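**Student:** For what it's worth, the working numbering labels the leading residue of the sequence shown as 2, then goes sequentially.
For the record, the hints were derived by calculation from the structure and aren't laboratory data. None of these values were measured; they are calculated from a predicted model. Worth double-checking, as some hints may not be accurate.
Label pairs and their computed distance ranges (CB to CB) [unchecked claim]:
#: 1; residue 1: 47; residue 2: 100; range: 23 to 33 Å
#: 2; residue 1: 169; residue 2: 124; range: 14 to 24 Å
#: 3; residue 1: 94; residue 2: 32; range: 47 to 57 Å
#: 4; residue 1: 51; residue 2: 3; range: 54 to 64 Å
#: 5; residue 1: 93; residue 2: 71; range: 53 to 63 Å
#: 6; residue 1: 146; residue 2: 48; range: 10 to 20 Å
#: 7; residue 1: 118; residue 2: 5; range: 42 to 52 Å
#: 8; residue 1: 146; residue 2: 71; range: 26 to 36 Å
#: 9; residue 1: 116; residue 2: 88; range: 33 to 43 Å
All residues carry an ideal CB built from backbone N, CA and C; glycine is no exception.
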Amino acid sequence: MRLALAAGLALNVSACFRPLYGPTASGESMQVALAAVQVDDVVMAQDQDRLGHYLRSELIFALDGSGQDATPKRYKLKLKGSETVTTPIVSSTTARAEAGTLIGTIEYSLESLDGRKVITDGVATSTATYDRSTQRFASLRAARDAEIRLAKVLSDQIKTRIASVLAVIKPSGS
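Could you build all of it, start to finish, from the sequences and the hints given here?
**Tutor:** Here it is as structure tokens:
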């Protein structure tokens, strides 16, 4: 009896879920809907342009694969962000930071191409850690690698959030 009840409940609830990367409410594929997003340049705080560059590149690749797609654009993605570095571990003998944590915060806004209607907006935040070395260039490279990892994670968050919104709207509603 319990098994039949659980199966019946599962069957009723299963109709409530829509696969994220399946067809959208309009019937077009999610790939086509995501490719219709134009990614604007990322506005970053002073001297933090590198993270913005990496993030924009990751988003262009994540949304349409190359940035060269001929899909007509219906939306534009505006991005504004900042990054901070914290040093949670400091050596007691050298008084130098042994590790760093990059914290990236990106405000995003998906708008209609003409900018009159905001489809969705939000804030994506993530961290990436790296080890610091006494060798200056090794520390710089480790920090750059952490920025690249951070950009990938933030890009993934933003893409998933945009996909969840595009899955339920119709293109004519843009």
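**Student:** Hint by hint, say whether it matches the structure.
**Tutor:** Hints and how they fare:
no.	hint	in the structure
1	47 / 100: 23 to 33 Å	25 Å, holds
2	169 / 124: 14 to 24 Å	21 Å, holds
3	94 / 32: 47 to 57 Å	54 Å, holds
4	51 / 3: 54 to 64 Å	57 Å, holds
5	93 / 71: 53 to 63 Å	59 Å, holds
6	146 / 48: 10 to 20 Å	18 Å, holds
7	118 / 5: 42 to 52 Å	47 Å, holds
8	146 / 71: 26 to 36 Å	34 Å, holds
9	116 / 88: 33 to 43 Å	40 Å, holds
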